[in-house]
Structure formats: structure tokens, C-alpha cells
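Protein sequences, first through last, are from chains A and C.
The opening residue of the first sequence carries number 1 in the numbering used here; numbering runs sequentially from there.
The opening residue of the second sequence carries number 1 in the numbering used here; numbering runs sequentially from there.
Because the hints were derived from the structure by calculation, they are not lab data.
From the three backbone atoms N, C-alpha and C, an ideal C-beta is built for every residue, glycine too.
Treat the hints with care, since some could be wrong.
[Unchecked claim] Derived Cβ-Cβ restraints for the label pairs, each shown as a range:
#: 1; chain 1: C; residue 1: 85; chain 2: A; residue 2: 16; range: 37 to 43 Å
#: 2; chain 1: A; residue 1: 143; chain 2: C; residue 2: 269; range: 21 to 27 Å
#: 3; chain 1: A; residue 1: 143; chain 2: C; residue 2: 85; range: 39 to 45 Å
#: 4; chain 1: A; residue 1: 169; chain 2: C; residue 2: 85; range: 38 to 44 Å
#: 5; chain 1: A; residue 1: 155; chain 2: C; residue 2: 249; range: 31 to 37 Å
[Claimed, not checked] To spell it out: a stretch of chain A is covered by chain C in this simulated footprint if at least three of its residues, at any positions, have a beta carbon under 8 Å from a beta carbon of chain C; those stretches are:
#: 6; stretch: 33-47
#: 7; stretch: 633-640
What follows is the residue order along each chain.
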Amino acid sequence: MGKTKTGKNHIPFRLNVLFFAVFVLFSLLILRLGYIQIVQGDEFESDLEESTSETARIDAPRGLMYDRNGELLVDNELALSLTYTNKQSVTTEERLDIARRLSELVTIETDEDSDLDDEINRRTKQDFWIATHPEDAEDLITQEDRDEVEEDELYELQLNRISDEQLSDVDDELEVVYIWGEMMSGYYDSPQRIKKNISRDEAHSISERLDNLPGVDILRDANRQYIYDDEFPDYFGSINSIPRENLDEYIAKGYARSDEVGTSFLEEEYEAELRGKKGEISSNEANNGQEETNGSRGNDLILSIDMALQQEVDAIINEEIGGDTGSFINDANAYVVMMEPDTGEILAADGYTDQLGVTSRSYEMGSTVKAATVMLGLETGAVDEYTVINDRPLDLPSTPEISSVSNLGPVNYRSALAESSNIYMSYVAMNMAGYQPGITQGWNSTQYIQAYNTFRYYYEQFGLGTTTGVDLPSESTGIDGGIGRPGSLLYLSFGQFDTYTPMQLAQYASTIANDGYRLKPHFVREIREPNPDKSELGSVLKQFEPDVMNKVDIDNNYIDMVQEGLWSAVNTQSGTAYGYFQGTDYEAAGKTGTAQVSVRLENSDSTVDGNNQAFIGYAPYDDPEVTVAVIVPNVYKSSDGGTSGIANTIARRSLDAYFDMKEEREEIEPQGESVDEEE
Amino acid sequence: MYNKNTASLFISLYVLFIFVYHFAREYIHRLGDAGDELVSFNKPTTEKQYDINMLFVLFLFGVVSCFYIYYAQQMGQYNGDFYLRQMVFYVLGFAVVFTVLHFDFEYYLNLHWFLYGFGLFLLVLLDVISPHEDFAPRQNGANSWFKIPSVGLVQPSEIMRIFLVLTLSAIIYRHNSRYREDRTFQTDVLLLGKMAAVVVPVIGLLYRQPDMGSIMLIAAIVIALLIVSGMTYKILLPLIGGPLVALLTFVFFFFRFPNFVDKYLLSNLKSYQVDRINGWLNPFEYVDEGYQVLQAMTAIGSGQLYGNFNTNIYIPEAHTDFIFAVVSSMHGFLGGAFVITLYFILLYQILMTSMRCHNAFGKYLCAGLIGMFSFQIFQNIGMGLGLLPVTGFTLPLLSYGGSSLVATMFALGMVMSVKYHSKTYFFEAQKE
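Generate coordinates for the entire structure from the input sequences, incorporating the hints supplied.
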């Protein structure tokens with residue numbers, strides 16, 4: 001192209017360049033379109049199916065819970081919820097308008113001891129104030145701020161500059177503020193519950209006006225009814241909106257954002273079973289009709305809990321503790337766990353005030369752990385069948401003097417358990433660490449560290465200091481004191497070093513009763529299909545078989561020997577539990593425990609010496625069908641006015657209750673446990 | 001539902017058929033007249049012709065637009081008979097086309113300063129009175145609209161961009177006539193300066209709204225005109241290539257070194273801008289920011305090859321900004337490609353008008369409009385496909401909306417005026 005010609009002739013060429021660029025851009029569009037629709041089309045198609053069928057689902061109620069005898073524990077009742085679906089396109093004024101109108105149609109109730117003002121947080125009020133006073137809010141920021149601060153921070157500035165006086169403007173329409181706050185707190189395009197459980201009248205007056213309240217709807221919800229709220233309140237858990245941090249996970253499982261899910265304990269653990277199967281309304285059918293498939297209730301859980309026994313145990317604890325709270329250094333507490341040793345089914349799990357402590361609190365369990373100590377002593381050869389130790393105070397260098405409750409004189413494995421000898425246990429520990437008092441000069445560090453590990457290796461096989469595998473979302477494993485000073489090894493041997501949970505203690509007792517087989521404790525024994533008639537059980541979907549976690553690594557002879565020791569503790573005159581178990585119809589075995597603890601007084605820096613009272617036991621001795629573990633922590637020493645033996649009494653009465661109840665049931669239904677075996 | 005589906009497929013195939021038939025006929029006609037072509041072009045003629053082809057394409061757009069707006073409404077987002085109103089707008093639009101095309105485009109050479117001044121006045125007025133509840137409400141975080149009683153929202157930048165094309169074309173035309181024989185680097189720089197003087201105040205006002213989309217659109221217009229103006233590549237290449245390379249580098253870095261980008265680049269932007277970038281480049285992770293894109297992509301993707309008529313997905317602004325998502329969701333790749341092709345044909349027709357016009361002003365005018373339309377189309381469709389960030393552009397001719405349609409028709413009327421009023425001379429035709 002000659003230079004002189006460019007003036008005239010450049011245009012067609014340049015136009016072609018321009019058009020070529022356009023061509024490239026459009027080709028890009030077509031290629032991209034093809035990629036999305038043809039290459040990725042299937043993916044989007046399935047995404048779409050998920051998301052659209054979701055919107056057309058009818059909520060289905062959650063499964064129910066029954067106790068082992070078919071007693072209904074957790075029920076649903078129909079409740080109506082007022083919901084609001086927020087959309088990005090709705091203006092602030094429209095939302096305010098809806099909030100105002102809703103406030104006239106529903107009343108917002110609060111707990112008795114708080115008023116609406118406490119329920120609404122300050123931030124909501126501030127937001128509301130800005131939404132209702134846009135001009136005043138503008139005045140709060142100067143042009144200078146506008147220039148300096150970024151747009152989203154401006155809003156923060158406004159929030160902070162609202163004076164209390166200004167904020168009190170909104171106090172005369174707190175209900176509106178509350179409703180508005182709830183309306184704003186949901187996700188866009190997904191219904192948010194503003195008020196659960198609205199009354200019939202409210203529902204009527206709202207549904208008449210639904211046309212004028214865009215985004216507002218009334219949803220059929222199932223309200224959870226926990227029938228035995230007082231006796232077994234906590235382990236059922238609770239249901240709530242999906243926690244934001246887990247939202248993706250739930251949505252991936254097909255939940256809608258507005259769904260409610262189990263958020264703690266059994267409700268959470270068995271969410272997958274309890275969750276209702278939603279009905280679907282499909283409006284895409286060729287005949288233009290709406291097809292509605294009915295949803296069904298989620299599967300029902302049959303708990304292993306015997307609610308009658310649970311109630312009885314609760315009454316026993318209340319009687320024993322409630323009249324004697326003065327014995328406790330701080331708040332009174334006591335935990336009881338009863339389970340079936342050969343299945344791991346939990347029959348009752350209770351606490352005085354805080355039931356959940358059964359799996360979340362841990363205590364030094366004192367002499368109850370001696371059964372394990374004797375077994376591991378025998379197994380490792382630290383002691384044998386014929387070993388006799390003279391029980392008298394043991395004074396070791398740099399270790400406090402150790403003694404049993406009284407000087408017991410010569411004891412063997414059996415009397416050491418029956419009479420609860422701390423000295424025998426100390427010898428087990430010292431022998432394992434290769435230390436002979438008065439002979440060896442010092443502790444061999446390799447050996448005593450190894451002894452610590454050996455102790456815990458065996459303890460854990462019984463469930464002490466490790467997860468029990470109970471069917472809850474979480475549990476504590478107690479506090480492992482680590483490798484302490486050599487002398488502390490002795491304390492570990494009689495249960496005054498590491499701490500264990502009541503659930504661990506129960507598993508430990510069951511493992512002994514069960515000849516060394518450690519079973520997973522569980523609250524749920526069966527999952528059944530929902531039955532429309534709530535008083536009848538549906539057919540069994542899944543039965544939880546006894547789940548053996550391990551067989552303890554100890555010779556059966558030694559287990560038998562220790563069982564004899566536990567029998568002696570209850571049934572021989574010198575046994576520590578003898579006095580508590582006289583006149584029983586059944587033959588029990590057990591072990592008492594008293595751990596000396598120093599407890600810090602509440603609201604004070606001073607500490608007080610006290611005892612943790614504990615008891616493990618099982619019955620009948622020959623063929624154990626129930627084990628019991630009791631811990632009554634932080635009781636004053638009897639010299640300081642504390643009652644001793646509370647744990648033993650509770651254990652005795654709980655076992656009595658179990659056998660009485662069994663007898664009663666057999667009288668009514670002579671054919672045996674018909675309810676349980678019904679199929 | 002089944003019948004509706006086949007019916008709509010049939011209609012669209014039929015429209016496609018008419019369209020193919022029309023062009024095939026013209027092609028055959030051309031072949032048949034091949035021998036006579038020289039004659040027909042050599043004829044010195046002042047006979048004025050409507051651009052029938054373009055009118056036909058516009059008619060097709062009208063049908064397609066009302067059709068999809070009707071179906072977008074079936075998604076139940078808004079109430080109101082949008083498709084009926086769109087028909088009215090189209091009638092109005094054609095009236096505008098016929099009015100404008102009878103107005104000789106060369107008069108704009110005298111008028112453009114007045115029009116430019118008028119547009120600028122509107123923008124300044126908007127800047128002064130907004131935000132104002134009654135006349136200039138703030139929408140989607142920008143002050144870009146006048147609210148005129150009984151007309152609705154009007155965006156002055158929509159008409160301003162056309163006035164800008166006129167003004168820039170006129171400037172280039174005068175400049176090139178003056179320096180026709182002695183074009184140098186210096187004169188090119190001078191031209192660039194003149195254009196900048198016109199563009200900068202407009203961009204400044206748009207920035208205050210803020211309306212980034214319109215600013216980018218004006219950039220596209222300027223680039224198109226710069227290319228056609230014959231500006232030397234020494235200026236063109238860095239001017240166009242620079243930002244392009246920068247953008248591509250940014251996108252590359254965004255995916256390859258996200259930490260670096262977060263730390264050094266995104267931290268300097270306003271948070272809503274960061275949100276938009278994230279929503280654009282990463283719609284699957286930034287669900288809230290990329291919500292619109294994700295919905296649109298899902299709708300489009302699920303259309304697959306043939307489309308899915310039963311789709312019931314919530315597409316935001318389905319009948320306006322995201323009308324293309326409705327098209328390609330309902331009629332799949334075929335529908336989407338058809339619409340894109342239709343646009344391409346329209347642009348091709350503008351290009352041919354530009355080519356055949358013997359007045360350089362007319363050529364520039366058309367080129368500027370090509371730049372404007374192609375960017376607008378590319379931007380709107382591209383954002384639905386996740387290629388470009390979301391900005392509030394309508395899809396010209398298809399989206400619902402009176403002011404946007406009338407403005408578009410006004411521009412196309414000018415193109416037809418270029419064709420209608422350009423004279424064909426014997427000696428020039430020979431050159432072709």
C-alpha cells in the first residue's frame with residue numbers, strides 16, 4: 001500500500017480488520033456456548049434437576065424415637081411456621097412495609113424472664129434504624145468521610161455513630177424490629193422462619209392476606225415433642241436450622257437451605273435415618289397436572305433405654321443427692337450408667353443436674369480401677385496367684401505416704417480387691433517398674449516409663465482413657481496425666497491419677513462382666529420403618545448387633561480370678577461393699593472406689609480435700625445381665641461432714657430397681673420379654 | 001406441555017427456514033445476475049433504496065424478541081404483559097427507523113456538536129440532581145437513570161453513546177479531509193488529542209455515576225473508530241494491545257497465582273469490585289457474588305443441544321439482561337447459535353453499508369456503530385456464558401425495554417440513512 005494512497009484507501013482494509021475482530025469475538029461466543037451446552041450440558045442438567053426439584057418439595061416429618069419397650073419418647077406435632085423468602089430485588093421500603101404489616105398480624109412471644117428488647121441484638125436495631133431513617137443516617141457521615149472511606153466501611157461508620165438516643169427511636173416498634181431482623185437474616189431466595197408455631201388464628205389472618213405480602217408464606221412444620229423432657233432431656237439432642245459452616249455439606253446431601261436438621265446428640269448422630277423423605281410436587285408432566293408424591297416420615301429409632309428404669313434411677317439420684325446437697329464441696333452431682341454387658345445397650349444414663357456429663361465429664365475413679373490393675377499385674381507377672389503383700393503404710397522417698405483405709409495386713413489378689421488394698425496395687429506398679437522399696441536405690445527411668453505405658457495399654461482395652469465408641473457425635477476421653485513422677489505411677493494403679501468418664505467406667509465394668517469382651521455402648525438398638533399408627537412399631541430396618549471392639553489381652557483365668565475378687569467385695573463380710581448389698585434377691589459383684597481429691601472451692605482460691613465416690617458392679621454374678629457404674633464426685637470427707645457410701649447406695653438401689661422391674665414385667669407377661677423379641 | 005414444545009420448536013425452525021430461504025434466494029439471484037453485475041453497479045444512480053435486508057433482519061429480531069420475552073415471563077418473575085409492550089416498542093422503533101433514515105446523514109456533520117452538547121447536558125443534569133427520589137432514583141448502586149413520569153426510567157448514556165459516535169466520526173472525517181495528503185505521526189497524535197477531548201468529559205461523568213459498563217462501551221467505540229480512522233499502527237498497537245495484554249495477564253495470574261493477586265492487586269480495589277471479579281472468574285466458589293452468572297450458566301448449560309422447554313430455573317432479569325439465557329436454555333445450542341448468527345448478519349450488513357458508502361463520514365459512522373453493537377452483544381452474551389463480568393447491559397433488540405430499543409433503532413436508522421442517501425457514481429463503482 002503506497003503511502004500516498006493511505007488517505008483514501010485505508011478504510012476498506014481497516015474495516016476488514018475491525019470486522020475480523022468482531023468475527024473472532026463472535027466465534028468465541030459460539031465456541032463457549034457449545035462448550036457449556038454440549039460438553040458440560042449433562043452436568044448442568046443434573047445440577048438443575050437437583051435445584052429445581054428441591055424447591056417443590058414438601059417437608060416430611062422426622063422419625064420418632066421409642067424406648068426399648070415401645071414407649072413413645074419423641075413425637076412430632078404439626079406446627080405452622082411463618083416464613084419469609086427474601087429476594088435481592090425487593091427494596092428496603094417494601095421489606096419494612098411487610099415487617100410492619102406482619103407485626104400487626106402476629107405477636108412475638110418471648111421467654112418469661114426476658115423481654116423483646118433482650119432478644120434483639122444491638123446490630124439489628126442499628127440496621128433497622130438506618131433502614132427507617134435514611135436521611136438521618138446520611139447526616140451521620142460527612143462528605144469528608146465519603147471521600148476517604150470506602151463504601152462498605154461507610155456503613156460501619158454510620159452504625160457506630162448512631163447515638164443511643166437515636167437508637168431508642170425504634171423502641172416503640174420492637175416487634176417490627178424483631179420481625180425485620182428475622183426477615184433479613186435468611187438467605188436470598190430461600191424461606192426463612194420468622195416465627196415458629198404460630199397460632200391457628202394468626203395463620204388464618206395471614207393466609208387471607210398472603211397476596212398482599214409478597215415473599216411471606218406459611219409452612220407446615222413438624223415440631224419436636226420430647227415427652228420425657230425431665231428424665232432424659234439431653235441425649236435426644238436438638239434440631240435447628242443448618243449451621244452455616246456445614247451448609248455446603250448438607251446441600252450436597254440434598255437438603256434445602258431452609259431445612260432443619262439435628263444439631264446435637266442423637267438427633268445429630270442419626271440425622272440420616274431420622275430425616276424425613278420429602279414428598280415431591282412435579283409440575284413438569286406432559287398432562288400439565290401436578291403430581292404429588294407423598295413424603296414419608298423418617299425412620300424411627302428404638303432406643304436401648306428403658307424409660308421406666310431411667311425414671312426410677314432419676315428418682316433414686318434425686319432422693320439420694322437432693323436431700324444431701326450439703327455433702328458436696330461445690331455443686332451436687334452424681335452420674336449413673338446402666339448397660340447390658342453382653343450387648344452394649346445402654347439401659348439408663350442419668351446425671352443429677354447435668355446428664356450429659358456421663359460422656360463429657362471425667363473424674364478420678366479411685367479404687368474401681370483396681371480390678372484392671374490386678375488383672376494386668378497377673379498378666380504381666382508382676383504378681384501371681386500366690387503373691388501375698390503385707391498391707392501397711394508405704395513410705396517412699398519423695399512420695400506422700402500411701403496407705404489403705406486401714407492397715408489390712410497380708411492380702412492376696414482376692415482380698416486386695418474385696419478389701420481394697422492400695423498397697424497391693426502399689427506393689428503391682430513397683431514390680432512392673434522394677435523397683436523394690438528399701439532395696440533398689442532409685443527408679444529406673446526406662447522401666448517406670450514403660451510401666452506407665454503398660455498400665456494405659458491395658459486400661460484402654462477396658463475402655464478407660466479412650467473412646468468408648470458410643471453412638472453420639474462426640475465424647476470426652478478423660479484426662480491422661482501423661483508420664484508423671486515415678487511415685488504417681490502408684491497412684492495411677494489405684495485410680496487417682498488419670499480421669500475417666502462415667503461412660504468409660506460403665507464400659508470397663510461391662511468388659512469385666514463380659515469376660516473381657518469390650519462392646520461398643522449404644523443408645524439405639526434398632527431402626528424401624530415409620531408406622532402411620534404411632535402406637536405400633538414399624539418393621540425392623542436395621543438391628544444393631546453387639547459390636548465387639550476388642551477382647552482384652554488377658555488370660556481368661558485371670559479374668560475369672562478378678563471376678564471372684566469382685567464377688568468377694570460384695571458378698572464376704574470383710575468386703576467393702578458388703579454392708580450395702582445385704583438382703584438382695586440377686587447375687588452381685590462389684591467394686592467400690594474412693595478417690596481423694598482436692599477441690600477448689602467455687603468463687604474462691606482455697607482448696608478443700610474431698611472424695612470422689614465411685615462404684616462399678618454387675619449382677620447376677622453367674623450370668624451378668626446388667627452392669628452399673630456410679631460416680632458421685634467432690635463429696636466432703638466424712639470427717640468434714642460428707643456422707644460416705646452415696647455411690648454404693650445409689651448402685652444398690654438402681655440394681656434393685658432393675659430386678660424389681662424385671663420381676664413385675666414377667667408377672668404381667670409370663671412368656672418373657674415378648675415386646676423385645678416381637679418381630 | 002408436549003404440544004407447546006413442538007409448537008415452539010416448529011416456529012423457531014420455521015423462522016430459521018424463512019431466513020435461510022431469503023438469503024439463499026438472494027444468493028441465487030446474485031449468481032444469476034453475475035453477468036449483469038457490472039452493469040447494475042455501473043449505472044450512475046441517485047435512486048434511493050431502503051435496506052430491505054436489514055429491515056427483514058430487524059423484523060426477525062422483533063419476532064424473536066417478543067417470543068422469548070413471552071416465555072421469560074412464564075417463569076413467573078414479574079407480572080405484566082411485557083411481550084405486548086415490547087411489540088408496541090417495536091412498532092415505535094420501526095417508526096424511528098423510518099424517520100431517521102429519511103434524514104440525510106450528512107446533516108449530522110452540522111448537527112453533531114449540538115447533539116453532543118445535548119447529551120452532555122443530560123449527563124451533567126443527572127449528575128447534579130441525583131440521587132433524587134422523584135427524578136433520578138439510585139438503582140443498583142448507580143445514578144444512571146432519569147425517572148420521567150409515565151415513561152419510566154431512561155438512561156441518558158444510551159443515547160449519549162450514539163451522539164458520541166456521530167461526533168467522533170465527524171472529527172475524524174474533518175481531520176482526515178484536512179490532512180489527506182500529508183498524514184504524519186504528528187497529525188495522528190493531534191487526532192487522538194481531539195478525540196480524547198470529546199471523550200474524556202463523558203467518561204468522567206459516567207465514572208461519577210458510576211457506570212463502568214458504559215465506559216468500557218465507549219472505549220470499544222473509540223477503538224473501532226481508531227482502527228478505521230487510519231491511525232498509524234505505531235499508536236494503535238500499544239493503545240489497544242497494551243490493555244488487552246494487561247487483562248489477559250491479570251486473568252492468568254488470577255488463576256495461576258491467586259495469593260499474589262489477592263495481596264497486591266485486589267487489596268487496592270473496592271470490595272464490590274473484588275466481589276464482581278470473583279463472581280466472574282470463579283462463580284462456583286463465590287456463590288453469592290456469582291449467583292447471577294451461576295444461574296444463567298446453569299440455565300444455558302442445561303439447554304444442551306436442542307434445548308429444554310420445561311426448564312423452570314430462576315434466572316435473574318430473565319426478560320432484560322439475561323434474555324440470552326432464556327433463548328439458549330429453551331432452544332439450546334441451536335437457538336443460541338441462531339441468535340448469535342443473526343447478530344453477526346446484522347453487523348455484516350452494517351459493514352457492507354460502510355463498505356459501499358462513498359462518503360468517509362458515513363463509513364466512520366457505521367464503523368463506530370459496529371464497535372458499539374458488537375461490544376454490547378459480546379458483553380451481554382459473554383457475561384451469561386461466564387466469559388466476562390456482569391454489567392448491566394441489555395442485549396440490543398432482544399432485551400425488553402423501550403428506551404434501549406428506541407436508541408438501538410435510532411442508530412440502525414442512521415445506518416440505513418447512510419445507505420439510503422449515499423450516491424453511487426459510475427467511476428467509483430468500477431473500482432469495486
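Hint by hint, here is what the structure shows:
1. C:85 x A:16: 37 to 43 Å: At roughly 40 Å between Cβ atoms, residue 16 of chain A and residue 85 of chain C fall inside 37 to 43 Å, so the hint holds.
2. A:143 x C:269: 21 to 27 Å: 22 Å Cβ-Cβ, so the 21 to 27 Å window holds.
3. A:143 x C:85: 39 to 45 Å: 41 Å, holds
4. A:169 x C:85: 38 to 44 Å: 43 Å, holds
5. A:155 x C:249: 31 to 37 Å: With a Cβ separation near 34 Å, residue 155 of chain A and residue 249 of chain C satisfy 31 to 37 Å, so the hint holds.
6. 33-47: holds (count 12)
7. 633-640: Violated, because only 0 residues of the stretch 633-640 of chain A bring their Cβ atoms closer than 8 Å to Cβ atoms of chain C.
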